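Asker: Letter by letter, the chains look like this.
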Amino acid sequence: MTLFLLCFLLFLVGLYGVITRRNLIKIVLGLCIMEYSLNLFFVLIGYVHDGIAPIITKGSERATFVDPLPQAMVLTVIVIGLATTAMLLAIAIRLYRKHGTFDIREINSLKG
Amino acid sequence: MKALIPLFVILPLAAAFLIPIFAGKVRGFDKYLASTVMLSTVVFSLWLLFVPEPYPLIYKIGGWEPVNGIPIGLYFVLDGLTVFMLCIISVVGFLSAFYSINYIAKFTGEKYFYALFCLMVTGMNGVVLAGDLFNLFVFLEISVIASYALVAFGIEKQELEASFKYQVMGGLASLLIVLGIAMLYWQTKTLNIADIALVLEGVNDKKFMLFTQFLLLAGFGLKAALIPFHAWLPDAHSSAPSPISAMLSGVLIKAIGIYAIIRLFFNMFMLSTDIAWVIIVLGSLSMIFGVFLAIGQWDLKRLLAYHSISQMGYVILGTGIGMLILARGGDLKVASLAIAGGLFHLVNHAVFKGLLFLNAGAIEYRTGTRKLQEMGGLSEKMPITSATSLSASMAISGIPPFNGFFSKLLIIVAAVLGKFYLLALFAVIVSIITLASFMKVQKYAFYGSSLRREIEKIKEVPFAMSFSMIVMALLCLALSLLIFPGIRETILMPAVESLMNMGNYGVEILGY
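So the sequences go chain by chain: Z and Y.
Just so you know, this note's numbering puts 102 at position 99 of the first sequence, and the rest follows in order with no gaps.
Just so you know, this note's numbering puts 480 at position 475 of the second sequence, and the rest follows in order with no gaps.
Excised from the complex, chain Y in its bound form (with noise of 0.2 angstroms):
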């Protein structure tokens, strides 16, 4: 069972190495080994999640044991919160790796390609397991260091623009995060998550801790490119490959920011509220004027993408009402409420965004354009992604039946019961916002009549990119399922468990 748990970087990370050297000798190689590999890591990650075992597992690279309870080797640490963003990096990595298999046939050099995007893989597999502060940064810096190139990947003026603003920003983000590292290590002389947790808990240094948590929070907060960090998301989501988009939008920005900062800010610091007040406003924010900056698009990438920043404040503003009232120890119900209704939300926002940019890409592969005015009438001509990218519009704008309605509505539900009134009037109106700005699309891109005069010629998308779509679609309606009991108990409760027994993560792991 625990020599599981390197696979997830193994596997990738053999094959991002694999691809180019073998690529040009053998047919078809790329594509099929890139996809094999990520189907190979759902399975691992669903066998994790259903098989019933004690978390947290730990895994020691090389065996170093600890040294009179102090860990000094490197730990990869899966507990319930990683098992699951593994379960979403590699479903929706392997859809899109799927869906690449024509969408990229176009490109040239698509050997690169599929190495890079098993690279980018590897290292968002690395931050999720790692159990240390550095590796979490390596491996951050792996990802995105491949996703740099990704956004580049069609060299034209605008993909090299986007891509050379998304390192700028990016480059800075990983300093923050590396001075915060730095900072950490000369309180406390230790890089070992669970370690620093227990060191943190004698240290009553405020004004240092205050100032190490605003570096990480604006360094991770870059990564996550939550308003007033945010300028560079649309320009690098809309310029990279479909595919691409869909993996930077509905997994990298969680995995290597979201995830960072919740698992930071739940167990390695000690929660205050003061910090949980600007995570709130953080959240809030960003959901506000990501929809307001969305709705005026006409680039539908481009909207998609500032789609992708109002969403990912309903995730961080759950999280944050959950850690506010863990922190004044308030009802513990309520708390997880908040808690799995972010998580919830994150999960759900990584199948329907991917879906919307799988669309967006089938639009873009028939039609060759990304405006909306230019489109029209695609839904008898394209009529699978027509019904999906319906199906994904409804869950975005939380209509019911699906998933994206239970998950706004736990975490509305969590405002209220958390006197957070103002919050909960504030998700609202952004969801109203959300659908509006959605009927949009679906009225320009695939409803009304077609100025063009080539929209005879269109036809459906080849089998591999209409797969992956349909799956997503079915995902959708599948993860509503996740609000009933039982269910919930089996995938979701268990991350949110290990994000509320803050204080015990450190002992957990050392096993004190």
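Just chain Z, with the same shape it has in the complex (with noise of 0.2 angstroms):
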């Protein structure tokens, strides 16, 4: 139970930080931070105490294994994660080539 909390924890502070920070690169790190806190997450969904790497082997077949089905779906949350935040990352090198800074004050120009 702890874990999960921590896990929440983990997450409030990535919230936080995508909702306070005026700089660009640190609104992208509170977004990786979540994303991460959720994998975590997902991770421990699986987990199974006393669990053992779930791969078949001459001795193991009666093992109790953890769920690989959380593993294998963190991974491709790891990679869409990787397109987005490069994404992201694009976008705002060139905003900063724009306008000279990473400072969303400066940067807003949309409104209505």
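Just so you know, these hints were derived from the structure itself, not from any lab.
Predicted, not measured: the structure shown is a model, and the values here were computed from it.
Warning: the hint list may mix true and false statements.
[Stated by the list, open to error] In the SDA-like style, the derived pairs of lysine to any residue whose C-alpha atoms are separated by at most 25 angstroms in a straight line are:
#, chain 1, residue 1, chain 2, residue 2
1, Y, K65, Y, I15
2, Y, K424, Y, G491
3, Y, K194, Z, Y39
4, Y, K212, Z, T104
5, Y, K376, Z, E109
6, Y, K65, Z, T79
7, Z, K101, Y, I15
8, Y, K448, Y, G382
9, Z, K29, Z, A56
10, Y, K212, Z, L15
Put the complex together from the two separate chains, hints included.
Answerer: Written out as structure tokens, the structure reads:
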């Protein structure tokens, strides 16, 4: 249970970063932290007490395995996260070239 | 027949990778391949719509059969609603791709535009076909990452800022969706939507379910830009190149937002009156506030983007009323009417909003401005744009004989029959304000006199652009036919029925 709460705390840290920071790069970092906390949560769901890696070898047919499906999904989520982070950073660099700053207060031009 | 299903993903995906490779070597390869691929998906989807086949059709990727009744492979599921969505995606997609042949010629990096366009279509087709939650998420990410890049395609200050905003909000939405999926997996130990539906029938943990439902509703609501989650939409949709705005507003928010909401909440979760009320409230809020935010806009594309929020409110309201009546166990006919109204408005909105964005693109192509005050007197110089824009404006404000009138009528009649008099009144008032706002567009853009001196040089847009606009304007008229019995039964009702038999979805797909 403590682990889940810590995981949730990490999620809130990321959310705090996204909401309060003024720097584009820090917003991206906040999103990354939130994503890591979710990945952690996903892996925790699949954890089985005293479980071993789900590889069937001679002698381990009756052993308790951890659930491999969340691990496979977390790998996919990490890859998708890589793509979104790369995209966000590319846009942030372009914005920096146009405005000469990472501060969202100075970039803000779209209103209404 | 079943072998056709994966083609909807394979064809655009293959095109997306072939275009950057061969575009430099063969002249015009990118534009013609994109249009050809989209045209072939139009043909396939219309064929699937008109060939009577017992739904649902299931394609098991890799041929993995269920073991002991538990599905272990990935499924593509094709039922009435999916075919309906596939038709919308491919028709609007084809017309936008064809329109781009002229429109995108002024940008650099044309081949990347078409590659990203095909990638976005791949993602949307995948979302509506996916039979399991995780695949749905992966395809959703494919389409939104492509759309992030397309919004920033102009790489000017505004486009970049809109894209960054869109990505932060989209990233949050994706995280909420992943969290929702993780919670569902925790509870049910399966990801197949049909299997989850069967397992959830035995789950009574109401708080847990409510939490999961709110997570998914917030996540997909952000993708669908329902108010209060709408802040990114006007920026993103107005900054993108016009054919992409037509795709984003016309199809993307429906395929990854509205479709996912109605599919999951009708077919996967048990219907509950609480969630139905939340959906109705979200729908009416979007409907009312969207139109009030729209009427004050002077940037044509921003105005259209706010109207998208408002019109999505109608769709959500119609389906929400149907959901509430079903959850209460009320009159099935009224519920079916409300859902039919919602889905009918969904297809209508795809057509007329797509057309309005293409018109805005045509005006921008010739005059170089999006500000309504700087236009004027265009009806003589650009007769095709003016005529098609007039028909789309009449369709969106609900004037007969255009399609928007009939779908709004269905929703309002269903609301009255279901005794939601206040909601019916709101729908009528919003429709009137929509009319006022589009009279403003017509007056400032096409009629009246122009203050600009260079108006003499303006001529009609090239063939590919006017062709797409004319076809869409004809569709605006032709879709009114969906109201008549006979046509309605073949096209609209299979989609409604696939939502109406909510409890049987799981049983049908797993074949118990």
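Asker: Tell me the numbers of any earlier hints that the structure contravenes, in ascending order.
Answerer: 2, 4, 7, 9
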